[in-house]
Structures are given as structure tokens and as C-alpha cells.
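Asker: Chain by chain, the residues run as shown.
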Amino acid sequence: MRDTRSQFRPIDHPNDHFILTTVVGSYPKPTWLNQARELYHTHSSKDSRERYNEAKNDASSIVIKEHEDAGLDVIVDGEMKRNEMVEYFAERIRGYEFNGPVKVWGHNYFDKPSVVEKLSYGEPWLLEEYKYNMKIAEKPIKVPITGPYTLSNWSFNEFYKDEVELSYELAELVNKEIKNLVGSGVRYIQIDEPALATTPEDHKIVRDCLERITEGIPDNVRIGLHVCYGDYSRIFPKILDYPVDEFDVELANGNYAQLDVFKKVPFTKDIGFGVIDVHDSRIESVEEVKERILKGLEIVPPDRLTVSPDCGLKLLSREVAYKKMVNMVKATRMVEEELDRGEIEIVE
Amino acid sequence: MVQIMSSSLGMYPLPDWTKDELSKLKGHQRDGLISGNENALINSVYDSAREFIIGEQQNAEIDIIIEGQLRWDDMLAHPLIVHESVDARGLVRYYDNNNFYREPVVTGELTVSGDVAQELEKTSELIRFPSAIFPGPYTLSQLATDEYYGSETSFLEAMGEFVQGEVNAFPDINHLILLEPSLSFNPPSTEHKEIFLKSIEEIKNTLKEEIVIQTYWGTFDREVYSDLLELDVGIGFDFVTEVESNLALLNELGSPKTASIGVVNGQNTNVESFGEVKEIVDRVIETGADIQNVIVNSNTGLFYLPENKFTEKLGVLGSFVKNEGGL
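Those protein sequence lines, which keep their order, are chains A and B. This note's numbering runs 321 ahead of the 1-based position in the first sequence. This note's numbering runs 958 ahead of the 1-based position in the second sequence.
Worth double-checking, as some hints may not be accurate.
Unchecked claim - In silico contact screen, one side only, chain B against chain A (beta carbon under 7 Å); selected entries: (1) Ser-981; (2) Lys-984; (3) Gly-990; (4) Leu-991; (5) Ser-993; (6) Asn-997; (7) Asp-1031; (8) Asn-1226; (9) Phe-1261; (10) Pro-1264; (11) Glu-1265; (12) Asn-1266; (13) Lys-1267.
Because the hints were derived from the structure by calculation, they are not lab data. Keep in mind the model is a prediction, meaning the values are calculated, not measured. Cβ coordinates follow ideal geometry from the N, Cα and C atoms, glycine included.
Sequences are here, hints too, so could you generate the full structure?
Answerer: Right under this line is the structure:
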């Protein structure tokens, strides 16, 4: 298996063992960013747009700093410049149309877009975001991108024969975007596919999408796949054939009820192991997180374990999100120390 | 001569102007979902929305007007969710698609609640003889979890009695459409089929209005379809997801007197043309001499759509019948 991980080991890493720590992506937006957005949407003036752009940059800078202060090895900017995980991309891809809010559940709506003609790349999606973050960040950056299957699944399809054809078209566009990002220096991409593992046969569509996505991407680029709220028994061990380096899963929220699914056969990829419940504002203690990390070591050895929260942290308050990250990193470093001292048995 | 009428399946999307208002009054979390104990202010928003939505159907010249089920958060499970003997637990998915409902767990006797009857009473103040949409007993038994009745058969029987009790509390209505997607998605065993059919027969016998058993996301199992024909109830098909297999049932096993045909896609913003609707309607009518009434319908509830597309789709249904010679 190729090594895409060691490039993210900090030069001054304190322990012999290295368990990569990161986050999934989203982070609570500062109140003033939402206010700046409201003002822009109300006035739509050049002035309010400039202020909103300034506020977004400031918010990215702050979140990057908070991620670095928490001690994460790989950071993101909390997706401060993205409104929503489908809308943001659909606004940039040519061929989409917006008709208004639709119900997700309860009184939660999203502006579900419609694909009304053949899709084409349009303007770069994340290049500006990455270039700004690169200037600010001292730590390596991961770029999360919503995957083609989720983009397809969460849109109305008025043009393509079916969801599969639409997913493949989107996969080609994602491939183009990743090539652009890699050309600018990105070395860690995370494809978010929360729609995966929701139907019995979708693993095949996602595998074929990933083949398209990773076509022509250099070997030193780390590709992760994030999945949440699904039935993992539907996709494991099939996903071990996917052309990705890391498979990132939500487990803490379900109290590790699905852990045994991953023990059926040797887990031959890196695992991004969810150790923080993002739907609970209670801050897990360092000891509690440590216990959860040890569960990850039942699946893979330390050099293939990535520790992260279950999912994006955006639903929490900033203070809680920050404290959860701090405890997550502390717990990881303690596990590494214990591994160094030979106090933890490693499953090979 | 076949009579063609237009209708649509609930539930409807809330009008955009109520979305913000209700979000503010009820919040975005699980405790903001419908419980049946809403205060007067919240109910007054729903009342205004109901009046608006009936006006939308009249503007579209829909023949068979429905209440719209705007209060419903749980697309099919609502009548259970608001029931005092039911616990609304975690969010789960419906039928492997991306819509969520709260898992209804039945913890006591399913007595008559009258929740949907009240919605229809309010509708009757606005329009004479609305049609009623209600989940069918088989689908409810499939979606709910039993912690009271003790066996699958007694649970299904109890659901039959529950549906019967609820619909008997309705004011005078035009049609009753019972939604049964589970008949397609997960057809019943022979034993469960018999219990289901007995429930439908009893419901039919206690109602003077016509009853239609409507499935979607697939088509009927052949045995269930034959038995429904024998019961002489209206039958509703989803012609968006299944065309040839529905036509095969009609051709090979016979047709009901009233066929509700879902030809407008409730889950896609693509707006159907007159020609597309006509093709299906003509093919259905060609299948059998027994059909007396065709209800041109949406295949599912329309709440999946943004408001502008919802209005356009109602327009397609209304104008089709107007141009094709309806009531």
C-alpha cells in the first residue's frame, strides 16, 4: 500500500508513534459572519458584498488558528465560505437551477437544486478558498469536497437518464476540480458521501465514481472518503476495493454499535475513526476519548489510524467544538505515549 | 364513457410564507415537530395555510380537493405520532430514500384520536366534501414498532381497527384514499395479506364513500391485486416508477371501476407535459372495459417539491382534465 500519511507527520512530533488527528470539515460559524451574510442578502450592494467577503476570510483565519491551537495535525477552515454542502457546489456548476426550499425534516429546509441541462465545470469551486487558507495556515490543510453520489442524490434530476448517469457526470467534474487543486499544492482531499450506505446497491455507484475521481491524480495525494449515518454492513468489506487511502466513519454517536462490522475481515485501508459525538454538547473527557481510540486500534494498527470527530462540528457552539478538539488531540498523544512505552498491544 | 377527474396526493409543501413563521414559532429541533398539542398561534398559521392551499387547488381547477396535510411532519406515520399511546422515537429513513420520520412505537391501545378528522372538519368549513388521504393499515404496521399487542398478526389487526376508527370519525367526504406504499415495497405474507384484506373490507363496509387503495414506489403483488379487485375497491397505481408492470396487471387480471393513476412525479421538479399525461391515461383506459372512473393523480405526496413546482404540477393535473373533458 502506498504511503500518503507520513508527509503529514509534524517535524517536531513528540512521540515515536504517530496517529494522525484531523476534523471532518464544518465548524460553527461566528455570529458576526452570519450577520454579515444577512446584510449582504438584504442589500446585495457592492459594499455589503465586500464586507461579507472580508468577514468570510476573517472567519477562515480564526477557525484555522483554533484548529492549530487545538493541536490538530491536519486542519481545515471549517468551511466558512460554504453555505451548505450541496448548494455551494451546485451554484458553481453550470446546468443547475434553484427553485426554492424543500423540507428535509421538521422545519429544516434546504434549497434543493435541479439539474436542468448537461452539466459542465463552470468556475473553480474551491481554489480561492484553498489559496487563502494556504497563506494563513502553518499546518497542512485537508480539502473536503461533497462527493458526486451525494450531489446527485440530493438534487432533482430533470436531465440525465438516471441517478447513476448523473453521478458519473459529476464524478468527472470532481476529478477536474481535484486536478486543479492538486496543481495548486493540495495533498489531502476528502470526498464526503453521506448518501452512501443508505440503499443496498449504492456502493457500486460510488466505487465507479471514485475510479473516475481519482483518474490521473498523483500517488502522493491522500484521498479520504467520509461516510456518516449509514448502515456500514451494506458497504463493508466491499469498500476495501475503493481507490482511496482512508475511510472515515461516524461511530461515537451510535456508541460503537457498528464496530464489529469492521472486524469481519482485515481492514486494509486507513480508518478515520469517529471519537467525538457531534450531536451531543457534552464534552467527552480525555480518558473517555482514549477509550474510544483504543477501539480504533482493535481495527487497524496505529500507523493506519486517523482520529477525528464523527462528522462536521458545525451544530455545536464554538466553545464546545474547540474543547472537544482539544481533548481529542490530548487523548491521541497520550495513546501514542503508551504505545511508545509498549503498554498497548497492537493488532497487526 | 370513462369519467376522468383530477386530484393529488397529500402531503403538500408548506407555503413559503409559513415556513419562516413556523420555524420561529416551533424551532428547528425534534421538539418542534408536530405533537397534536400545538398552541392557538401555531394552529392559526396552519389554518391560514390550509385555506391558502385549498385556494391553490381551486385555482388549478382540481376536481377532487384534499386537505393537504400541512401539519404532518411524518409523511405516513403522522396519525400514530400524535397518538397518546405512541412514543415518537429516533429519526429513521423511509423506504431507503432520504426522507426521515420519527419511529412510532406503540406502547398502549390504539384508540380513536380524531386528529385527522379535525383537520377534515376544518376543511369542510371551507369546501364541501373534501377527499381524505390516510395511511393504510399494512403500511402503518410496517413502519411502526409494537410494544403492546405482542404479535405481528394482532398488531396488523389492531392497525386495521385503528384506521377504521379514525376514518369513521371523518365528516362527510368525497373519496378516501388509503396510502399503501409497503404493499409494493415489502408485499405481505399470505397470512398478513388475509388480515389486511379483511381490514379493508370492514373499512369499506362501514363507509358510504368510495375507498381507493393506492400504492407507490413500485406496483402490487399479483395476488394482492387480484384480491383487491374482488373486494371491489378503487385501486391506485404509481405510473411514474412503473408503467409496463401496472399495465400488465390491468390487462391480465382486470381493472377496477375506479383507477387512481399517479402520472405526475411528486419527487421531481421536471414538469410533465399534456402529451406525457395523455399517453398514460389513454393506455390505462385501453386496458379494460370495466374502468368507469380515472383519477389523474400525483404518484406520491407533493411535499418533496419547492412551492413553484408544486403549483405548476397542480396546474398540469387540473388543466389536463379540463382539456380532456372531465367532470
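Asker: Each hint needs a verdict: does it hold in this structure or not?
Answerer: Structure-based check of each hint:
1. Ser-981: holds (4 Å)
2. Lys-984: holds (6 Å)
3. Gly-990: holds (6 Å)
4. Leu-991: holds (5 Å)
5. Ser-993: violated (12 Å)
6. Asn-997: violated (15 Å)
7. Asp-1031: The hint holds - B:Asp-1031 has a Cβ within 7 Å of chain A, the shortest such distance being about 6 Å.
8. Asn-1226: Result: holds, 5 Å to nearest chain A Cβ.
9. Phe-1261: holds (6 Å)
10. Pro-1264: For B:Pro-1264, the interface hint holds, since the closest Cβ of chain A sits about 3 Å away, which is under 7 Å.
11. Glu-1265: holds (6 Å)
12. Asn-1266: Since the shortest Cβ distance to chain A is 5 Å, the answer is holds.
13. Lys-1267: holds (6 Å)
Hint compliance for this structure: hints 5 and 6 are not met, and every other hint is.
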